[in-house]
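Chemist: What follows is each chain in one-letter form.
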Amino acid sequence: MEKSIHLDHLMLGVCYYPEHWPETLWQEDLRRMKALGIERVRVFEFAWNIVEPTEGVFDFDLFDKFLDLAYAEGMTVIMCTPTATPPAWLTTRYPETLNADKDGNLMHHGHRRHYNYNSPVYLRYVKKIVSVLAERYGQHPAIVGWQIDNEINCEMNEFYSEADRAAFRVFLEEKFVTLDALNDAIGARFWNQTYSEWNQVDLERHSLHGHCNPHMALLEKEFFSLSAIRFVKLQSDLLRPLVGQRFITTNGIFGHLDNERYTQECLDFMTYDSYPNFAYGQEGINGKRDGELGDRMWSMNLSRARALSPNFGVMEQQSGANGWDFSMLAPMPLPGQMRLWTMQAVANGADYISYFRWRTAPYGTEIYWHGLNDYANTPNRRLDEVAHIHRDFKKLTSVAGSKYVAKVALLNDYPNEWDGERDLWHGPLDHASRNAIFAASQHTHTPMDLLYLQPHMTAKDLRAYDMIFYPHPSILSDETATLLKEYCELGGKLVLGARTGYKDEYGRCPMRPMPGPAASLCGITVREYTLPHPAQQTEIRWNDDRLQALGFWETLIPNDGTETLAFFAGSYLDGECAMTRRAYANGGAAYYLGSGFAEATAVKLLAICGVLSPYDALVSCPADIELALRVSGEHQWFFLLNYTGEPQTVEIAAQMQDALTGALHQGEQTILPYDLLILQRS
Amino acid sequence: MEKSIHLDHLMLGVCYYPEHWPETLWQEDLRRMKALGIERVRVFEFAWNIVEPTEGVFDFDLFDKFLDLAYAEGMTVIMCTPTATPPAWLTTRYPETLNADKDGNLMHHGHRRHYNYNSPVYLRYVKKIVSVLAERYGQHPAIVGWQIDNEINCEMNEFYSEADRAAFRVFLEEKFVTLDALNDAIGARFWNQTYSEWNQVDLERHSLHGHCNPHMALLEKEFFSLSAIRFVKLQSDLLRPLVGQRFITTNGIFGHLDNERYTQECLDFMTYDSYPNFAYGQEGINGKRDGELGDRMWSMNLSRARALSPNFGVMEQQSGANGWDFSMLAPMPLPGQMRLWTMQAVANGADYISYFRWRTAPYGTEIYWHGLNDYANTPNRRLDEVAHIHRDFKKLTSVAGSKYVAKVALLNDYPNEWDGERDLWHGPLDHASRNAIFAASQHTHTPMDLLYLQPHMTAKDLRAYDMIFYPHPSILSDETATLLKEYCELGGKLVLGARTGYKDEYGRCPMRPMPGPAASLCGITVREYTLPHPAQQTEIRWNDDRLQALGFWETLIPNDGTETLAFFAGSYLDGECAMTRRAYANGGAAYYLGSGFAEATAVKLLAICGVLSPYDALVSCPADIELALRVSGEHQWFFLLNYTGEPQTVEIAAQMQDALTGALHQGEQTILPYDLLILQRS
Amino acid sequence: MEKSIHLDHLMLGVCYYPEHWPETLWQEDLRRMKALGIERVRVFEFAWNIVEPTEGVFDFDLFDKFLDLAYAEGMTVIMCTPTATPPAWLTTRYPETLNADKDGNLMHHGHRRHYNYNSPVYLRYVKKIVSVLAERYGQHPAIVGWQIDNEINCEMNEFYSEADRAAFRVFLEEKFVTLDALNDAIGARFWNQTYSEWNQVDLERHSLHGHCNPHMALLEKEFFSLSAIRFVKLQSDLLRPLVGQRFITTNGIFGHLDNERYTQECLDFMTYDSYPNFAYGQEGINGKRDGELGDRMWSMNLSRARALSPNFGVMEQQSGANGWDFSMLAPMPLPGQMRLWTMQAVANGADYISYFRWRTAPYGTEIYWHGLNDYANTPNRRLDEVAHIHRDFKKLTSVAGSKYVAKVALLNDYPNEWDGERDLWHGPLDHASRNAIFAASQHTHTPMDLLYLQPHMTAKDLRAYDMIFYPHPSILSDETATLLKEYCELGGKLVLGARTGYKDEYGRCPMRPMPGPAASLCGITVREYTLPHPAQQTEIRWNDDRLQALGFWETLIPNDGTETLAFFAGSYLDGECAMTRRAYANGGAAYYLGSGFAEATAVKLLAICGVLSPYDALVSCPADIELALRVSGEHQWFFLLNYTGEPQTVEIAAQMQDALTGALHQGEQTILPYDLLILQRS
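Chains as they are written, first to last, in numbering that gives the first Met the number 0: chain H, 0 to 681; chain E, 0 to 681; chain W, 0 to 681.
These are calculated hints, taken from the structure and not from any lab test. Please note: incorrect hints may appear among the correct ones.
One copy or any two copies: either way a pair holds, since identical chains are not told apart in the list.
What the hints assert, rightly or not - Computed cross-link-like contacts, DSBU-like style, restricted to lysine-lysine with a CA-CA straight-line distance of at most 35 angstroms:
id: 1; residue 1: 101; residue 2: 127
id: 2; residue 1: 64; residue 2: 174
id: 3; residue 1: 126; residue 2: 101
id: 4; residue 1: 127; residue 2: 64
id: 5; residue 1: 232; residue 2: 64
Put together the whole structure using the sequences plus the hints.
Modeler: So this is what it looks like as structure tokens:
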């Protein structure tokens, strides 16, 4: 079932905190929102105390008034469950509801999301507050949907409370039934880690240098994901009968969480929280560096949201400067950037854009996380920019429900993502290759989807794509290898890279030549491999090109019938086979690259697979422009986005209409800094 | 009441530890001190065990003997209370007397200052030992004064023991009376942090990523300061009736402490511990870097001491290389530097200089914190340098009691200082601007005082200064704004910078246009602001000058009658107003700069306010020379200090006398490396 | 008694884990080993659970079968005690057996070596398992020797469990008898750290900024060493009567352990674990940098093993790429490097080389710590390289038992090594000087031994060396000074450097001119000293050479009869004496350098002492070649090792035979990259 938001026009919303402001301000706020084209507010996600100020004492006055006012003013509302921030009265009385670190230190009051998913006490209180809210507001006419909790697994996606430890034992016992099976799965014979009683089994605890069994670490992440899903499902199951047709969603995409399963089992669709301004933050981790995509990288994150919900919402969209009191500092967006980032989300599949937040918080940790309004509540250019965006949206009504179109996919899966966090022979390699492949797709204007492998997927599902990159699936089952082979046989072009297939589902390396289950799929065997020191260099010679061999090197032995495409050059591996192609029926092929992917390598692979720059003949763009295409029936919208401070010139082959101005363009067209062009074709 | 040391001549002292040395060495040590001109020793600050080796068992033998000997040898003594290092017998029996970290880990034996200020048990023992000492030695003829504890809030100025937590609740209950008031002050509605019972309230505890409510964090610091003051006052109240006319002081200036209140309420005057050699330390944090003042920066610290006590003492003055066993490593002072740093203290208001320490510790953490004597106790050049200083001091007798003279002040206050520790939109900006302004005063020979705003201050008090920099008072009350306006109306020239007035007393940002209470004072409104990324650049065009816009940018809207002095240039803010001047009666004016202060900006402001380089006509110095002026009635002493390894030449306009040699100087005069010149005028 | 391995030929071994593989694979594995020339396997060091899966239930089936098979296949076995990894059933039931950090956090299951040496419970279980194993397998015909535990003090060499704390008190009470003596030894009067009851005494606990009494910190390390020795001796005493003539050893050399005493008291000889590939690791700490020796630095470690056992074994020799799952990543050795590193060990005194491990672990933390066989168990070049090494070994049979020959020694001792960990005025200086002196010996082909001072050593023992560097013995007793003087009087040439003799046995600095006990030995007094800031520079002028004065500067006053060799030049110390020589009878001399040692300074000292490049007349090598000499009676083997990627040319003066090919060489001979040449002379 497609888990999409279903809107008949591109819609604007905003996050609002009535409890932060005097009641006398509400009406003016709602009317000013409406004047800007904002049709929807999200409320309540941190407001538990407002309705239950002390245990069991409920006071609905504030939100009764607000919701009635919203209804009266014609504003629709997304209501939240407030479980992301349990009250002090609850955590003080029941510290077992708190999350803990590996050393057993509880995560006390002062932040958010400091609770755990498995405490029976917390679950009891969660059920209570969700039921009370759903009963009172489930049918409120202002409310159109519900958000569960807030940013599941944000802040912290590891859980080590005693409640989690107990639940982990149950999880393992259910999964493995016998200790022998568990011991075997985790390779417990290594370093004498065998368990002889279930009560010896535990999540990670304080240990020498923070070490733990790596296979148990992988099982932990599966458990964290399962715990989160159960926690959200508990709430959606409670809400469903009481909210009727109103949608249930939640916001953000975070780690240690099977978002596909979670969306399918608990939600009507996914909403994402999009903050491209992180790319300009002072803290460097997201800082824009040479050769990186900066704020344009958020299109990768938006592709991730699109994978969950082809038409998704952005529940929180950047509306000003960032900053917690002592972290994540970033400047005010430059003139135009807010609109650019809004259109980046739309281009990538969003139909609903809700800004975070209406007015900047006057206190608390997020005092510098700016809303549309500054503290002073006086006019500013960000409000003007929203008005501009609203004018744009009115020109783009029929974009709602249209689909982003891509013929290339970048495949991933959770076991490899989670295992790669600790496995430094795999994780950093995969991370670098994914970024390079995504950069190749961006710079060449080759639309690409991001896909997570799911149990129910068929080769036909995959064949929606002409080409699939699955860069480094170190954990690879025979079943998946078979699926991929079927994809090739259906004419799909598959590209795999180094370290494919050397691990089983528990992250163990079985006695099997590499690339394991991919050996017959690709028609090769790995002869020799190495994790090169950064100072070691070799190249890959592919026809006349010299490409970088990044991150890992494998020399390949092609089977009969497998073609050698490229060779190592210039190190002790000189002359060894570095890349192969095994042809399949229907034009299908399995490519194997014995290293990580450089951007240039990915471009060359796109080219030989015949999927490079599919719209170049219609509109030719410089690398600095993002091109995205949304299609609905006969209608096509080309979104061309300029993230740079320089004007960029595109070349339009055949006349197309400017969707915003109605003008007809052909030939050279200039896009101003931080501006955009939407060309319509039908 | 002026809290100054009152001496009739510049005096030398030294820190001495009779308990570290055989009794047989004492007399020789005292006589050698006297021979060097040292008239006073400080003793006892870490000697609790010596008089109370086990609980309740007292043994005064060692110090009875030493004090009697000191008296017999004509040496005066500063006695200390020994509460900085509670004995092992006390902390082992009563671990609740220890300080703790946020996770609850106690700070065990092995360092100093590991106790907390609020444990009733510790306070009981403190009262006991202070009473016992005061009763025994309060009237001892050798003793001229008392030091309480040692370096209050050094090592650690945060306290999280259970005793502190309990006292914090009492502090908040007294301050706010109701939980509603507290919840409101800390913006508890943000992230659902409302308290419904007092027992839920706490100092910071272990939390996710160390987060806490930022307003509570500010209240914590107020509490830490109050706790320290109460702790010192407890001791001074006990001492006062028993020590008669002898002075009570303590040493050092550290964080989370309202030093003004503390000096006024508990002490007769403040003494400072001056270690300019930190500037040459290996650890970098104080390392001398391009454009920084290095050891000359200690003049800023000495100005801070002067703000508390116009004539202060230096209880611990650098007397050799630094070093704990594994930190704070620094080399031996170069020949001349000890004398230079001594005169730096005198130039900045010190009348008493006590070296730390007589002889280098033969054991313990400070084994490399060198005293005047090396381990070997044989002659060395540092002892020779003290003899030289003593000869100098004899020429400077009448400097004692004279005052440092400045017509410019750099204003600060504790709420902003404390809030700026976590508030990264404000703290780093303020820090950089203060250093730039101080550097401007140093390099242009414009003497400057450092002032902390106190509740009792009047506009007339401030008007002692022709010009005041108050760079970035983000927390600003209407009362303070009124005070500053009165200052301008009295003819004072006030300079404010970006981020002024955007917070209230609890660090919240109220709904009010910036710069809040300073808006009418300066006649402006802030239109737009940003915390620029370091890679973002803009300039400020002020007449023909191009100045750096550092740290923060605000564009200003001047009211009618407010003059625009400068404009942003070269970014998206190009052409916007960057600096204004509102004129007041009597030549007063309020300047507002919409950014942080570069040194050149501060120099230009000093110039247009007519206070730049006031003594240039008398003696013209290169930037590398510090100029300080001490005045007593008709007498003036110009201290000219050369911190560099190069000779520096000054130009003396009219003949003045060399206070050390008696020579008459006019015209060019050379000051050798690490040497100085004191010119007398009367 | 010489604690050497006694073999009649160079022997190959391998580490094997029968419990990791199906029983069906064992025979093939053993036969393939034999085919490669591997004669011995080490087993069992992490296999406790295999024989005691739950408490008191023993199951010998697996190892009975394996050992019988090994015997049948003619494979000899080194059996281990499995105490490095206590079972989960033990540590879960008795958490007091775990090690703890200073904060009291226990080191839980998940790593290895997480136990402590002093828990009575753990010692009881250790005795039980060792007894059971020794009784069952002590006389097994396949077993030729025993390894106790695994890598004593690896992973962690600090112990802070409650059991350790109790044992530490006993240790101190035995050592000092009275608290007065302890308080005096640790300088407890500094900062009031005096103890009045034994129960107040403790190992380090959580404290402010991790500070502790530095003298207590030194005693802690003595205690850690003693605890480890007692733990190993407990096991060797249990084994000895039950294993007959079979040898007892253990592997690796780690910190906080008196390896000399430990080898003498508990072992028949020492084996080392040699992983030169760390030099190519990605983590930088061991990364090869300009001017450093890289993998050649392992010859220093091998010299350390040789100091313990003139003929030693390598229990674990690099056999592939390194890597734990998230640390210590390093690439596959280049072709030739495994053989080079094997010969490096042999050149430096090893007669037994056992690779770690037969096949790469298919699971667990060491999943990337590659064995000879890859996961796939198919042929690879590392196996071919072992076959090559075996062919070499057969040519080198008589090298077994021959001795490495050096006439220069680099002296060290444990108190200085341990004290230098915290003492930053000494430790880094000593570390840098040792590396420079070792590099000088390597680059000039001057074989050098590494020697730790032991209580029983006599001047005659030392006189085995013509020259001894003892770079910076800050802790120096009068007894040692006397020993060194006797060495000089016997004609030895001794070189000391800055900071010699300023501390006593407890790390205190007594009242005595520097260099303390070395003053009369060297005929000097130190006038002035400093720990220079890195930006401070001075040179040492020695005849026409200008040498760097590194790390510390001391100016010297030579006594009558002491010769000044060199002077400081170019700083405030210009012209002061920097190096001296006191002549002794029989050509002996004591040199003193008032700074740290640069490599060039060490070379010049080797030259004037007449010991530089002793074999240059026979074979002249470039600096990049390591030269080592092993001698047995009339037989000499010159090992010439090329660690570089470039061919290196040596010049052979008189004809010598190539020990591997039998060819006769004279004149220029080229050694290929990562290759070697062994010249035989008899």
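Chemist: Take the hints in turn and mark each one as holding or not.
Modeler: Consistency of the hints with the structure:
no., hint, in the structure
1, 101 <-> 127, "both (30 angstroms within a copy, 32 angstroms between copies)"
2, 64 <-> 174, "between (49 angstroms within a copy, 33 angstroms between copies)"
3, 126 <-> 101, "both (28 angstroms within a copy, 32 angstroms between copies)"
4, 127 <-> 64, "within (22 angstroms within a copy, 61 angstroms between copies)"
5, 232 <-> 64, "within (29 angstroms within a copy, 53 angstroms between copies)"
Hint violations for this structure: none, all hints satisfied.
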